[in-house]
Every structure is written in C-alpha cells, then in structure tokens.
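Let the sequences and hints guide you as you build the complete structure.
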Amino acid sequence: MFYREAGQFKTTYRADMATFPITQDRIGIAIILMVAFTVIPYFGSNFFLHAIMIPFLIFALAAIGLNILTGYTGLLSLGTGGFMGVGAYACYKLATIFPEVHILIWVVTSGFVSAAVGIVFGLPSLRIKGFYLAVATLASQFFLSWCFIRIPWLVNYNVSNAIEVPRRTLFGVHVTGPEATPHARYFVVLAIVVAMTWLASNLVRGRIGRMWMAVRDMDIAAELMGIKLLNTKLLAFAVSSFYCGVAGAMLVFLYYGSAEATAFSINQSFAILSMVIIGGLGSLLGSFLGAALIFMLPLLLPPFLGSLGLSIQAATAEHLSFMVIGALIVFFLIVEPHGLARLWQIAKQKLRVWPYPY
Amino acid sequence: MRMKGLLVGAVLASTAVIPAFVSSASAQDTIYVPLFSYRTGPFAGSGIPIANGMSDYLNMLNERDGGINGVKLVVEECETGYNTEKGVACYESTKAKNPVITNPYSTGITLQLIPRASVDKIPVLSMAYGLSASAVGQSFPWVFNPPATYWDGLSMIIKYIADKEGGFAKLKGKTIGYIFFDGGYGREPLPLLEIFAKKYGFETKLYPVPPAEMQNQSGQWLNVRKDKPDWMIMWGWGAMNPTAVKEAARIKFPMDKFVGIWWSGGDDDARPAGDDAKGYLTLNFNGVGSQYPAVQDIIKHLVSKGKSQTQPDKVGENLYNRGIYNSVLIAEAIRNAQKITGKKVVTGEDVRRGLESLTITQARWKELGLEGFGAPITNVNCTDHNGHHAAYMQQWDGKKWVKITDWIAPLKDEVRPLLEAAAADYVAKNAGWPKRTESCDRPS
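Residue numbers (my numbering), protein chains in the order written: chain D, 1 to 358; chain S, 1 to 444.
What the hints contain is simulated information worked out from the structure, not anything from laboratory work.
Note that beta-carbon positions come from the ideal geometry of N, C-alpha and C, so glycine has one too.
Nothing false has been slipped in among the hints.
Subject to a maximum C-alpha distance of 16 Å in a straight line, what follows is the list of computed EDC-like cross-link-like pairs (lysine to aspartate or glutamate):
no., chain 1, residue 1, chain 2, residue 2
1, S, 121, D, 179
2, D, 129, D, 219
3, S, 429, D, 100
4, S, 366, S, 297
5, S, 435, D, 179
To be clear about the criterion: a stretch of chain D counts as covered by chain S if any three or more of its residues have a C-beta under 8 Å from a C-beta of chain S, and this derived list gives those stretches:
no., segment
6, 177-187
7, 249-261
In silico contact screen, one side only, chain S against chain D (beta carbon under 10 Å); selected entries:
no., residue
8, 76
9, 80
10, 89
11, 92
12, 120
13, 429
14, 432
Given below as structure tokens:
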C-alpha cells in the first residue's frame, strides 16, 4: 500500500536514470542518512560510536571493495586484508614523509597505491579463474603480510614494528591521534563512506559496472561483445583495491590509532569475505548488512545475554559468538545463498503487493 | 515504508539500548578493575593461568577482606584473544565504566593504549611487557611497566650467560641465537641485543617466528642445528613456547643453554616435552608454588568453594602466580592511592599517583602473605616507572620449576640511557606528544 511505484511517472531520461527511481526509496535513504548524520552522533555514546559504528562503516567499505571484485566481476579474492594493509602502510608513509599535506588527502591517495598493487596482483586473473585465482590472491595476501613484517622501512624503522598514527586536525578539530573524539572520527568516516558508496553505486550501474557483470556472467560472451577482458578485470582489481586501501587507511588512522602487521592478516581477508557472502554477492546494501552482522554480533551478544539475566564468562561469550556466526554462515549458505540483500529484496517485493498478494 | 520504519526504529532502539548495556555495572561505592584476558585462541595456553591468577587474587581480597579498605572491587574480564583489534574494543567498552587501571596483557594492545592513557586519564599497567621505553616517567606519565623491562630481562640473561662462561670477557667469539615471536613483543629487545653483541664481541643469530607459524618451527630449529649457537635465548608466548622447547629437545640442543624470558616459563610450556625439557631455563620474578599464605587463602575462599575457574592442581603454577603478582601490583596501587588521597573510592587519576609512588618492601610482601614471592618494589618513582628490579633464573626439573640463582639485578646503567633515548625517539616521532603536567608525589 505504501511501498508502490504506481502513479510515479518518469517523464525525462534523467528521472529514468535516477539512482533511486522510486520516491519511497528516496525518502527511505534520506531518513537513513539523516539518522546517520544527526540522530546517531547526538544520542550515541562514545562506546557506540567508536567501538561499533566506526569499525562497522569501515568494514562495510572494505566489503564494498571486495564485492566489486567478487560480487560484480566474479573474481574470488582472498587478498583483501593485504590490500587494506597496503592502504594503511601507504597512508602512514605518505603522512610521515609529507606531514604538511592534509591527512584526509593521504587517506584517499593511499587508495591509489593500493589500486596499483591490486593491478599487479590482478594480472594472473586473465589466465586463471575460480579457485586457482583464489590461490593466486592468497599468495598476494601472504606476500604482502610478509612485506609488512619484514620491510622495516614501511614502519619507519619502528622498534616495535608498529605504525603509529600522528595527530592531525580538520578545521581545528583533532581527527586522528588519541585526542580525536569519537564524534569527530565518526563524521569523517561517515562522510568518506557515504561519498564512496555513492560513487560505487554509480559505477556499478553504469557502463563499467555492466562490463564487470558481463564478464562475471560469461567472459567469452563478454569478449565477443567487444569487452576487453584484460582492461575490465584489471579495472575491477584496481577499483576494488582502491576501496580496500581507503578502508585499511581509515581502519588504522581513524579507528585503531596504531597497528601491527597482524591487523591485516589472512583472518581479516576471511572476515571481509564472509561479510560479502552473508550480506549478498553483487549488492552494495549487502555489504553493509554483512558487515553489520559479522562485526556487531560478537559485540552485542554478551550484553544481550546479560540483559536476559544470563551472566556468562567472557571466554564463554567468545566461544558462543564463534558458534553462532558459524551456524549463521551455514544457515545462509543453505537457505539463502544470495545473502541478506536478497532477503531485503524479497521483503520489498512483498511490500509492493501488500495487502493484496498474488 | 513500513520496513523502513522498522529499520529506523531498530537503529533508534539500538542507540538507546546500547548505552544502557554499558553503564549498568558502575556503582558509586565500588572500584572497577577490568582485566583483559585471553582464554581462547592460540595464546590461551599462556593466557588461562594468567587470567585465573589475576582474577583469583582480586576476588580473594573481596571474599576475605571485603575488598580494599572496605571498598569492594568489581572485577570483570574482557576477552581479547590476544587480538589487538578486540583489545581496543575491550578498552572502549570498559572505559565507560570508569576503570581505575588497564591491564592490556598484550604488547600489541599496550602500544595502542599508550597514547590514549593520558587523554582518558586511565593508567596502563603493563607488567614487565609492553613498550620498554615507557619506563621513562617524564615522557609516559600514565604508563607503568614494573618490575623490569624486556631490556632488563635481556641484560640479566646476558649476565647469567657471562657468569656461566666465566665473565663478560669470555663472551667474545661466542654465538648467541635469539628465537623470537616476530611481533612487537619479540622485536622489543633487538636493539639492545645488537648493542651488547658489539660491546662484548659475541655474534648473534636471529630466528624470527611469525605469529601464524608459531606451531611450526622446524625451519628455524633446522637453522639452529646448522648454526650451532653456544646459547639460545627465547622471547616466546602462547603456543610458541612448548613448540620451541620440543623442537630444541628434538635437535638435542643442550637445554641448560636454552634461556627464555619470564614469559616463556609456563609449566605447560616445558611439560609437553617430557623429560627432554629437563634443564630448560627461564627468568622469573615471582615465586612458584602454592605454599604462600595468600595463595592458601585463594584455595580456602575461592577454589575449594567452586568460586574460581581454576583447576585445583593448577594453583601455584608459574604463570598462575604471575597473574597473582600482577594483581598484587593493582591492589597495592589502589591501596596506596587511597592512602595518598584519603579517599575510599579512588579514580584512575588517583591510582596513577598510587602507582607512581608504589612501594612493596620485604616486610610488606610478608604482610600480604607472600613472603619472598617477589623482589621488593622500591625504585618506582616519577621518572622511573619501571624500577629495574631483579629477577631470578629458574630451571625445569622435569616436573616443576626450581629456583637456581639468587636475585639477578639488571645492568641498569647500560639499559637506562638506551631507554631514555628510545623514549625521546618515541616522543620525537609522535609530534604533539603531550608534555608531562602531572605533579609528582615522590621526587626521585
């Protein structure tokens, strides 16, 4: 009754090509953005902003990066953690070599370094597919991890082998370093994530996105239609690594505050991959839903059980959340392999015909 | 539209509910002490006894004395899995409940928290781990790492080796291997090792063990067999320790020339290698065994009543007692803070002052029911947040750890200038590092 596009006529090409052609969707997204920009920072505690929202947004951005590669182009990658690390270390090097340039410029620029590295490791994708490509990207993960540990230049010869985030301000407000308040960090993260999501949404529904999807669905057919496979696949690697790189830089500069190489280990890659799978392959919304589920569940489970009156040991809660997440992954793979995004789509479809389903 | 409404409602509800979750535990007349622990993951082998010891001692104070000077302690564990990311989340979630102290129990997490401690006004106690340079109180007023730094530990080991070889002059031409956890923790002593190698003329061989490969060290030990070092020094933790001891036994490396830092001396680190581990040496700064009256109190008030997670036969093991040592520092710092401020319910700022003038004399150890348990803590002051206290060497006899030396003092004269240089370097690299503004209760 409420969610129906009947009566919304598109009279211009512009209206037809809008990102959200349905009025209700536009209102919905406006409400979500308004909540994100005003309600959450106003009502959210420091803990909620810093320990939940900021990492959630950053991981969602990394999941979008992987989704571009795996969901839209069909190239399975296990190197996400490595590419995030490239972004983080590049940002650290650039920020310490050129301290006078604004830090946010470096956060975005480091994505390009990551993209370049992504292109190099994407080269084999022209020849190999599926599991074999996964193994090749796995190699990139291990190689990059090795670099982070073994090349002391990357950490400016820090004895502890950690990168430490310098203090930087934006409009006179600390945005990185220990003095930065969760609110300042949250707004910066949110602004970057919203801008880059908007960019990605335009990318995937335009010419480039269609090329990616054509390659995903059948690369020989795509080639016959005149799509250059090499360029398309490498572009997918570049864009994906760019997103992952920015996410990695934000992770260290706006969330952790300092990091060791283990932050970008293979476990990080698997975590992002499971976000993409649970959220939904080939869906931007799915990236957010997946990140929310995988990241927030372990954090919210103990207080949730606590509020039910069950007090459990910290370690038991940890074991429990491992089990719940594992069970959820199995559940989703069996019941809804297209992930949470597909569930949302079904719900939308149901809403359209409500209350007279046919 | 309705789904959207639900979604917005859910977001609103979650923002409203989560702060309620967080702030439920802080009451006015208690002192909140969060303990970061790891009972899961590859470091659980070391983490469980430590976590047990830490929480048992504090809970025992609650049960036996009703807390510290009548103020109950709220002891809460947060599971980090030795994972830096989770540790930061733990820090954020405990911060809201006004903790008086943070125990990261991981060098990686400590490094994250060092810059935040002064901003959030919560002192960090990284007991004999973390950043060695944080011993310099002028640069790191909020970070404490007594009783000794890793650099002190290395200097004690080198001193022990020199002693066995017949003097520092005899070190010349010797080869000393260093097998270490390839992360912040294991890398910490490297600069000092280089300096010692140059100064005393011995050669060093480095065998890094990547965290992901802790349980597979055959490559490193193959190289050890090839290089034939005269001595081996180990900086290991978690699953790395028992693996290294087993591998050393397999290549028939002489165990009495294999020396670990205090974190490589868990009972479960040596036990799996069986009789082959006999002779394995590690440093230690806490007493081993359950004969101390305070440990007996833990058994009486907690373990025998089923109020503890500890298995009765594990009480008194080395790492369990290490956890007790950690909690003694916490408890004594709180007591000291109460004494200085005259307040019952102290804050993080008070406990920082308490830590800065922390003293545990021989007599005080006895009062605590822990006579001879640790070296007297006498040197912690405003400039020295470590004190560079002594440790002793212990040897595995196949069943338990046996103390084989007296207290060994570190080479403080060599270590201290290096620490100060490292602290200055840290401050220089972190532009905008705050100058110390905290006043000093005990001039050095």
